[in-house]
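Q: Sequence:
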Amino acid sequence: MKRLEHKITFEPTGRQVYALPGTILLEAAAQAGLIVQTPCGGQGQCGKCRVKIVSGQASACPPTANCRSAMSAAEVEQGYRLACQARVQGDLVVEVPVSSLFESQQQILVHASGAPVELSPVISKHFVELAAPSQADARSDVERLRAAIQPVDFDPVGVRMLRLLPGVLRRQGFRGTAVIVDGDLIDFETGDTTDKCYGVAVDIGTTTLVGTLVHLKTGLDLGVEARINPQTSYGDDVVSRIRKCREEAKGLAQLQRVIIGAVNDIVDELVRAAGIDRTHIYEIAMAGNTTMQQILCGIDPSALGELPFVPAFTDVPQLNASDLGLDINPYGKVFIFPQIGGFVGGDTVAGIIASRLDCENETVIFVDIGTNGEIVLAHQGQLIATSVAAGPAFEGARISCGMRAVNGAIEKVVMNGDLAINVIGNTRPAGLCGSGLIDAVAELLRLGLLDPTGRLRTPAEIPAGAPPTLRKRLIKQNGHVDFLLAHKTETVSGESLILTQRDIRELQLASGAIRAGISILLEMQALRSADLKRVLLAGAFGNFIRRNHARRIGLLPPIPCDRIRFIGNASSLGAKRALLSKAEKLSAAKIARTVRHVDLSLAPEFQAAFSAAMLFPENDPGLSVEVG
697 MKRLEHKITF
707 EPTGRQVYAL
717 PGTILLEAAA
727 QAGLIVQTPC
737 GGQGQCGKCR
747 VKIVSGQASA
757 CPPTANCRSA
767 MSAAEVEQGY
777 RLACQARVQG
787 DLVVEVPVSS
797 LFESQQQILV
807 HASGAPVELS
817 PVISKHFVEL
827 AAPSQADARS
837 DVERLRAAIQ
847 PVDFDPVGVR
857 MLRLLPGVLR
867 RQGFRGTAVI
877 VDGDLIDFET
887 GDTTDKCYGV
897 AVDIGTTTLV
907 GTLVHLKTGL
917 DLGVEARINP
927 QTSYGDDVVS
937 RIRKCREEAK
947 GLAQLQRVII
957 GAVNDIVDEL
967 VRAAGIDRTH
977 IYEIAMAGNT
987 TMQQILCGID
997 PSALGELPFV
1007 PAFTDVPQLN
1017 ASDLGLDINP
1027 YGKVFIFPQI
1037 GGFVGGDTVA
1047 GIIASRLDCE
1057 NETVIFVDIG
1067 TNGEIVLAHQ
1077 GQLIATSVAA
1087 GPAFEGARIS
1097 CGMRAVNGAI
1107 EKVVMNGDLA
1117 INVIGNTRPA
1127 GLCGSGLIDA
1137 VAELLRLGLL
1147 DPTGRLRTPA
1157 EIPAGAPPTL
1167 RKRLIKQNGH
1177 VDFLLAHKTE
1187 TVSGESLILT
1197 QRDIRELQLA
1207 SGAIRAGISI
1217 LLEMQALRSA
1227 DLKRVLLAGA
1237 FGNFIRRNHA
1247 RRIGLLPPIP
1257 CDRIRFIGNA
1267 SSLGAKRALL
1277 SKAEKLSAAK
1287 IARTVRHVDL
1297 SLAPEFQAAF
1307 SAAMLFPEND
1317 PGLSVEVG
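Mapped onto the numbering used here, the consecutive letters of the sequence shown carry residue numbers 697 to 1324.
If you're looking for bench data, these hints aren't it; they were derived computationally from the structure. Keep in mind that this is a model prediction, so the values were computed, not measured. Fair warning: there could be bad hints in the mix.
[What the hints assert, rightly or not] In the SDA-like style, the derived pairs of lysine to any residue whose C-alpha atoms are separated by at most 20 angstroms in a straight line are:
hint	residue 1	residue 2
1	K748	S768
2	K1108	V1119
3	K946	A958
4	K748	E814
5	K703	S751
6	K1168	T1154
7	K1278	D849
8	K748	E1202
9	K1286	P1300
10	K1278	P847
11	K1108	E1202
12	K748	A770
13	K892	H822
14	K1278	E814
15	K946	L1020
16	K1278	D851
17	K892	G971
18	K1184	R1124
19	K1286	A1299
20	K1229	T1059
21	K1168	N1112
22	K1168	T1187
23	K1278	D1054
24	K1278	A1017
25	K892	S768
26	K748	A769
27	K1172	A1156
28	K892	L918
29	K913	V824
30	K1108	I1194
31	K892	D964
Please build the complete structure, drawing on both the sequences and the hints.
A: So, in structure tokens, the structure goes:
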């Protein structure tokens, strides 16, 4: 009998899957558990999903028009394909380069810091030893239990617990632990389990997921686990995922399934590492942008993809874990952060809580730097928030030698006489990640090799004092000047790593969007950069950049570096605070209602501000010395 499916083997992992004829290689890789980068959303435009066919007939995976336009004829002949475009037509062995993969070694910011929080979780556990019923005391089981845990009370007991309670009480000799979650009696556990009381805080990022296991009685972290968001297989940005939901009948269900699966994977690892029972996890608090939160809940985000960018909800009713298929106590609760508006979602609310921005009396701006940039200005007790599409340059996408912050990525660049680099994993360089990109451009500006418009100068144009070794790294090709970061003899791939003129333009677009958003919020309050007492940098990217370099390229306002502070993964910390305190949940609801949302897509002044922010500052403000 003729076999309908073809065997696909992925190297170097050796993972194998069987795929029907016509299956896109990207989907086959996902079946094998390999998440391949697709910053363009699988449109065949970015070239970041490059793989190599190392075995199989030529007809088993023919090149497409996109493959031919993205690669040289020699590369196509050698077997290189775009995983998002190439289709399976026979048995194959496919090599997936490390630069095309999301790796678990990515520098995901998992730590956070913040002020102490008063412990008042919605979960309480009460060990009781009840007197057995008698003719003299024939109270109902519910009333007997209610009296024993006074002054704590619980809501009228649902039919599930009414069916469970009589048998459980008698089997356990009227001795055990009552579990109450937000007023709901959800269980009566054997013995004294009052100390086994846990919750999980999850930051649902567009690119990364971070989960923290928290002891709800002590407030201590028991473990942190991070993952790449598997939705990145369908595109790096929220627009790609909205498009999938709009254009594919099962798109929403597919995206929800993979994100729930990833959260459950995080829970599995946290439970394993801590040696606890998952049924003792009674709440998950989750924070993400509006698109991520709606997909998580199985709510169609299509309306977010068209004017006026309306989210489905501000507040979502509290859910049971079983409603979403989350693998904790099935009757535990899920807290989804309320949303502000547009693309400013629960992660921004969580960030405001973590930074205590809502309590600020000074003029402070909060910036969450990433693919989607969220900006919140606190001034005179009021908060104004907006979001900007910074694009994926900070994540290494759309950069010719760009890559995620994984092993092999250049993450720091210094130019003192010659070029020096730090590479993640202390290996040969494979590419350039976002922090290294900012460093390189800032240093080129400082030395005069790059002009304020973003144009790399020719060797004849650069200042006389420029180091000769750096002068030699300027390469004129295809009618413009590029900069050599690493010679082919120094790299993993054997190909030179070059910072191109186009790469610099991509950084200008990303940096300009963030800076324009900051400028407009300041102008709306008749403020100048000098009025800012602090700039708070948050997010998985913010902690890995050098403050003076971010300021030098104009990403951040020209203020002293000691006013620029890193606050860690604010979304994750805000979710943790909501787990530990009922008051923080109430604060989240109030923040979502009272923050003023500004939609920059409707602001006529945005384009002018964006154009101005695209230019690099003429000179480094030099307001303080940066160390590291």
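Q: Is it true that the CA of K913 sits at most 20 angstroms from the CA of V824?
A: holds, 18 angstroms
Q: For a C-alpha distance cap of 20 angstroms, please report whether K1108 and V1119 respect it.
A: holds, 7 angstroms
Q: Does D1054 sit within 20 angstroms of K1278, going by the straight-line distance between their CA atoms?
A: holds, 17 angstroms
Q: If you draw a straight line from the CA of K748 to the CA of S768, is it 20 angstroms or shorter?
A: holds, 14 angstroms
Q: Can you confirm whether the C-alpha distance between K748 and A769 stays at or below 20 angstroms?
A: holds, 14 angstroms
Q: Holds or violated: are the alpha carbons of K946 and L1020 at most 20 angstroms from each other?
A: holds, 17 angstroms
Q: Taken at face value, is the distance from the CA of L918 to the CA of K892 at most 20 angstroms?
A: The given pair, whose Cα atoms are some 12 angstroms apart, holds under the 20 angstroms limit.
Q: Need the status of pair K892, G971: alpha-carbon distance at most 20 angstroms?
A: holds, 11 angstroms
Q: Between the alpha carbons of K1278 and D851, is the straight-line distance 20 angstroms or under?
A: holds, 17 angstroms
Q: Within a Cα-Cα threshold of 20 angstroms, do K892 and S768 meet the stated pairing?
A: violated, 60 angstroms
Q: With the threshold set at 20 angstroms, check whether the alpha-carbon distance from K1278 to A1017 stays at or below it.
A: This hinted pair holds, its Cα atoms lying about 19 angstroms apart.
Q: For the pair supplied as a hint, K1168 and T1187, is the alpha-carbon distance within the 20 angstroms limit?
A: Within the cut-off at roughly 18 angstroms; holds.
In this structure, the earlier hints numbered 4, 8, 9, 19 and 25 are contradicted, and the remaining ones agree with it.
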